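Asker: Letter by letter, the chains look like this.
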Amino acid sequence: MNKILVIAEHANGVLNSSTARAVACAAAIGGEITVAVLTTGSCDVAAQAAGLEGVVSVAELTNPGNAQALAALQAPQLLEISAGYTHVLAPNSTFGKDLMPRLAALLDRPMVTDIMAVQDARTFDRPVYAGNAITTVQVDDDGLVLATVRGASWPPVVQTQAPVTVECQTSDIDLPAHTRFVALDGEQGDRPDLQAAEKVISGGRGLGAAEHFALVEAVADKLGAAVGASRAAVDSGWVPNDLQVGQTGKIIAPDLYIAAGISGAIQHLAGIKDAGTIVAINKDPDAPIFEVADIGLVADLHEVLPALTEML
Amino acid sequence: MKVLVGVKRVVDFNTRIQVKSDGSGVQTDGVKFSMNPFDEIAVEEAIRLKEAGLATEVIAVSIGGDKNQDTLRSALAMGADSALLVKTDDEIQPLMAAKILKNLVEQQQPKLVLLGKQAIDDDANQTPQMLAGLLGWPQATFASKLEIDGDTAAVTREVDAGLETLSVDLPAVVSSDLRLNEPRYIKLPDIMKAKRKPLEVIDLADLNIAASASIATLKTSAPPQRQAGIKVESSEALVAELKARNLV
Ligand SMILES: Cc1cc2nc3c(=O)[nH]c(=O)nc-3n(C[C@H](O)[C@H](O)[C@H](O)COP(=O)(O)OP(=O)(O)OC[C@H]3O[C@@H](n4cnc5c(N)ncnc54)[C@H](O)[C@@H]3O)c2cc1C
Ligand SMILES: Nc1ncnc2c1ncn2[C@@H]1O[C@H](COP(=O)(O)O)[C@@H](O)[C@H]1O
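Order-wise, the sequence lines are chains A and B.
Position 153 of the first sequence, counting from 1, maps to 153 under this note's numbering, and the rest follow consecutively.
Position 203 of the second sequence, counting from 1, maps to 203 under this note's numbering, and the rest follow consecutively.
Okay, chain A solo, but in the shape it has when bound (with noise of 0.2 Å):
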């Protein structure tokens, strides 16, 4: 049987979604789930992971070194617990992105990026090129199968079970001195995260300058909408890089996506492609986007987005 580990993700005692998206991947791999929650020994996280459907058990490792998610630091402690698991996962996130790989150095072993679909338990689909191309991979000996999950392909678990028992083990190994949280400048606003929101406003290198994007904003709060932005729009300072969507940025898969002043190039649309329907407003009928959007509205978005903002 699979013994499949997925390493949590959280941040100020909040369990993130991703995690329930991993453990939802975990489940079509099919076997026995545990999580592991990294933490300096506030119990609460690991609570919140042990009520996730088809969860068995959360193993809680503590460490005064956990106070932030440093790869260098974290990568040696699941080294520690890897041993005994068939599948070792965690979400595609920067924070997933930046450990695995390091996890599976220490280990010698290959690792897959990004799982999209489960084709057996060690077989799996996965994007290139910006998910122009979706590669079917095999680990195909027999080691540990280490691997990221792609948050979009992934509906997260719900957190109905009655909440299965946490075992708290205390990790006492030396961990390196040479890497050293600093600070983390995040805007906390009040709209939905990018990541989890149903509903997705971008706006794009149209709006023309960082005050205009107030009318995306407008529209958003309308919806109850989360705020994203191509590079172009956070290149030129308009907006913070977290809000970027695309290749580079968040790769979302909201019901609704409405672009404004956004071309529509490849690496933006690989952030969109799951999304359930893509609205485009662009000036020019030409822009790529509308070759892929469900419903298109060729004008002025100074013009539309005050009157969708007015209708709404």
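Every clue listed holds true.
Far from chain B by the CB rule (all over 10 Å, computed), these chain A residues: (1) G31; (2) E53; (3) V56; (4) Q161; (5) D174; (6) R205.
Which stretches of chain A does chain B cover? Using the computed rule of at least three CB atoms under 8 Å from a CB of chain B, they are: (7) 88-100; (8) 242-252.
Just so you know, the hints here were simulated from the structure itself, not pulled from any lab data.
Nothing here was measured: the structure is a model prediction, and the numbers come from that model.
Glycine included, C-beta positions come from ideal geometry on N, C-alpha and C.
Following the hints, put chain B with the ligands in place on chain A, whose structure we already have.
Answerer: Showing chain B with the ligands alone in chain A's frame:
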């Protein structure tokens, strides 16, 4: 301070990828290849460190076939001092790439290794972290700002929650994100100058690196294509359509 920069030769980012109908991969015949965009940023950063008097020497390395010499010449034209090709015609996966880079690090003793955060062909996003793990060095991935101060580096990273700053001791591995810098354009005289810079070719077999476990690609398929839907004529019509579909 010596800086080692990895440059991978990949299908140009502007290419429309065609999946071969027999599922054996993507069409690469007659397709333009360039330096991986993230590696261009890594090279630029290394050169800026040299221009700022912080780096003494920039060595560009690539693993792959003979054509990677072109990619290395581009790095030399940008301003790298010397180049090293580890020659192989085999597919090199991240774990193996990391082992090869580790071998070169042991030979060259750089204080900083700059790589791209991901290669835009395999989109693996693994090699820098694996290299750092194998070396036991600090890693600072997805960097958008790098400041060297003596034996430490302050690195700002683009993470899902925003911008994270780490302080790491050197030597370290840093992987570049898009906003680290804007790479310079190569001018004709630089291309001429690059021709005279040293480019060494080493056969992979001569490095005596044991083969690593690898992952087999069984097939490559085209992703499901989204189809263009309808066009509406006005904001009113858009709202009506969204309501009709129960999206608002
Ligand atoms: C390796 C790599 C990775 C990348 N990763 C990403 C990524 O993750 N995400 C991403 O988004 N990009 C990414 N890019 C960049 C991408 O190639 C494009 O450059 C970028 O997406 C363009 O942003 P844009 O659509 O906002 O701007 P443009 O392409 O300039 O488009 C602006 C659009 O606005 C329209 N417009 C202008 N004025 C108006 C108006 N008044 N009303 C309505 N429409 C208007 C124009 O017709 C145009 O179509 C990446 C590039 C590379 C090389
Ligand atoms: N064959 C290679 N030659 C040189 N550098 C490489 C090679 N493969 C990977 N790299 C480096 O590792 C980074 C990440 O690659 P990957 O892990 O494949 O996404 C690239 O941006 C390069 O800097």
